[in-house]
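Trainee: Whole structure, please, built from the sequences with the hints as guidance.
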Amino acid sequence: MTLDFAPVWGGLPELLKGTVVTIEVTAAAFLLSAVLGLLVGIIRLNPARRVLYGIASAYVAFIRGTPLLVQLFLLFFGLPQFGILLPAWLCGVIGLGIYSGSYVSEVVRGAIQSIDRGQMEAARSLGMSYREAMWEVVLPQAFRRMLPPLGNETIALIKNSALVSLLTIDDVMREGQRIISTSFRALEVYIAVALIYFILTNAATWILRQLEKRMTVERG
Amino acid sequence: MIEIRNVYKSFGSTEVLKDVSLTVPPSRTTVVIGPSGSGKSTLLRCCNCLEIADRGEIRINHRTIIADGKPLPDKELNALRAETGMVFQSFNLFPHMTTVENVMRAPVVVRRMAKAEARELAMELLRKVGLGDKADVYPSTLSGGQKQRAAIARALAMKPKVMLFDEPTSALDPELVGEVLQVMKTLAEEGMTMMVVTHEMGFAREVADTVVVMADGRIVESGPPEQIFTNPTQERTRGFLRALVDGHLAGARPQPPADDPLEALPGNH
Chain H
1 MTLDFAPVWG GLPELLKGTV VTIEVTAAAF LLSAVLGLLV GIIRLNPARR
51 VLYGIASAYV AFIRGTPLLV QLFLLFFGLP QFGILLPAWL CGVIGLGIYS
101 GSYVSEVVRG AIQSIDRGQM EAARSLGMSY REAMWEVVLP QAFRRMLPPL
151 GNETIALIKN SALVSLLTID DVMREGQRII STSFRALEVY IAVALIYFIL
201 TNAATWILRQ LEKRMTVERG
Chain W
1 MIEIRNVYKS FGSTEVLKDV SLTVPPSRTT VVIGPSGSGK STLLRCCNCL
51 EIADRGEIRI NHRTIIADGK PLPDKELNAL RAETGMVFQS FNLFPHMTTV
101 ENVMRAPVVV RRMAKAEARE LAMELLRKVG LGDKADVYPS TLSGGQKQRA
151 AIARALAMKP KVMLFDEPTS ALDPELVGEV LQVMKTLAEE GMTMMVVTHE
201 MGFAREVADT VVVMADGRIV ESGPPEQIFT NPTQERTRGF LRALVDGHLA
251 GARPQPPADD PLEALPGNH
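If you read the protein sequences in the order shown, they are chains H and W.
Under full-length UniProt numbering, the first sequence has 148 at position 148, and the numbering climbs by one with no breaks.
Under full-length UniProt numbering, the second sequence has 192 at position 192, and the numbering climbs by one with no breaks.
Calculated directly from the structure, the hints in this document are not laboratory data.
For clarity, every value in this text was computed on a predicted model and none was experimentally measured.
Quick reminder that beta carbons are idealized off the backbone N, C-alpha and C, glycines included.
Among the hints, erroneous ones may be present.
Claimed, not checked - Under the rule of at most 20 Å between Cα atoms (straight-line distance), these lysine to any residue pairs were calculated in the SDA-like manner:
id, chain 1, residue 1, chain 2, residue 2
1, W, Lys75, H, Lys213
2, W, Lys70, W, Glu15
3, W, Lys75, H, Tyr130
4, W, Lys70, H, Met134
5, H, Lys213, W, Glu15
6, W, Lys70, W, Pro25
Unchecked claim - What follows is a list of derived Cβ distance ranges for each label pair:
id, chain 1, residue 1, chain 2, residue 2, range
7, W, Ala114, H, Pro67, 50 to 56 Å
8, H, Phe82, W, Ala114, 49 to 55 Å
9, H, Phe73, W, Asp136, 31 to 37 Å
10, H, Tyr53, W, Gly69, 20 to 26 Å
11, H, Ile55, W, Ala114, 39 to 45 Å
12, W, His199, H, Thr66, 52 to 58 Å
Mentor: Spelled out as structure tokens, the structure:
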């Protein structure tokens, strides 16, 4: 058996276009998951606010307890039954964002809870409101501790994004499959696709590590 | 001025404060002493609603901050806390800010003070506590005594009318205690209203206008320091002071060797 990478080279423009789509979908989903994770993580700190806490906990339990693929299909094939017809890319972004957000919320909650209680007390004793104390004092410290686990979540998000190819989104995975359908060179093309994901995940890890380093230096 | 009226507080089934009443008069220093677990720190923290008193009433400068387990609504409570400085045993400086940022942040956030003005105020306070040259370093590089002086400056930046000190020197190496007590003494002399929970009997004797002795969640005795330290009326006070002296002596001089090692232990403990 010989490896023939000619179809990969020939399909490179399509693969790169797909890579851009993968990056776009992942980046948008990352932003959604960050906002969602922060909100849900903070809500889950305080069981006293029962309704909000209940909703947030149900969200985390449901999303973490069911397959991402099923969630994506619910959005893409299920919602139209209610007359809600979202474009494929939006289903992909929302599905990935909601999924990743449930994990990010646990990262956020854990990091905040790891900050010494005295920090919140000191801020409140100076007259800051809960929100001000959270924003000024607790979150900046918690953020540093979120970065390493957030790196894991980002890697998972990038890899999970391959599933959106099943929603007809032309990401790098789907572009690869398209090339295979005409060239029948599955091994070579999937190797190329894997390599692209490898580069993306490591680039994301590198960026987060730089951020982590910079924040450590800033603290002095 | 702090008025504490018939305050009760429990943690689970443990009653920590049992019907405590106490008045901290304006421009006076009231020092609360007592064995650990006597409820003195909890009492202090109730004055800031960091702990919620279950029953009774606490008034600060004639405003009720909590009555029968119901604290003021958040907004008014924040305003009142801003005027009540609190100094913690473990400093609780903000590690992600420089010393001067620690001091100026609350005036900027809470009082909406302009940054330049807040920085000027912060620098003035840092110089006052002897940390003018440490403004731009992070708290992690400060000694314990410097940290606590910075924390005092941070509390003073809100121009509090009352200061609460929760064992401010208990986490310090012995040689650093003096510099913090000196700052507190200066504050007292300037007429600050202070409530201090401490184990520093020297400070209590020298600076306090009133010494309050607590044990088992109750106030055992209170009065001017001369009376408490030289002529206490309550057996609990005597016991506590004797235990302190024994502790000091045990550390200061070696015990004579005894045939029976158990006999070397001080009696009655």
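Trainee: Does each hint hold? Answer for all of them.
Mentor: Now for the hints, and whether the structure bears them out:
{"no.": "1", "hint": "W:Lys75 / H:Lys213", "result": "38 Å, violated"}
{"no.": "2", "hint": "W:Lys70 / W:Glu15", "result": "18 Å, holds"}
{"no.": "3", "hint": "W:Lys75 / H:Tyr130", "result": "10 Å, holds"}
{"no.": "4", "hint": "W:Lys70 / H:Met134", "result": "23 Å, violated"}
{"no.": "5", "hint": "H:Lys213 / W:Glu15", "result": "48 Å, violated"}
{"no.": "6", "hint": "W:Lys70 / W:Pro25", "result": "24 Å, violated"}
{"no.": "7", "hint": "W:Ala114 / H:Pro67: 50 to 56 Å", "result": "54 Å, holds"}
{"no.": "8", "hint": "H:Phe82 / W:Ala114: 49 to 55 Å", "result": "53 Å, holds"}
{"no.": "9", "hint": "H:Phe73 / W:Asp136: 31 to 37 Å", "result": "56 Å, violated"}
{"no.": "10", "hint": "H:Tyr53 / W:Gly69: 20 to 26 Å", "result": "22 Å, holds"}
{"no.": "11", "hint": "H:Ile55 / W:Ala114: 39 to 45 Å", "result": "41 Å, holds"}
{"no.": "12", "hint": "W:His199 / H:Thr66: 52 to 58 Å", "result": "56 Å, holds"}
In this structure, the earlier hints numbered 1, 4, 5, 6 and 9 are contradicted, and the remaining ones agree with it.
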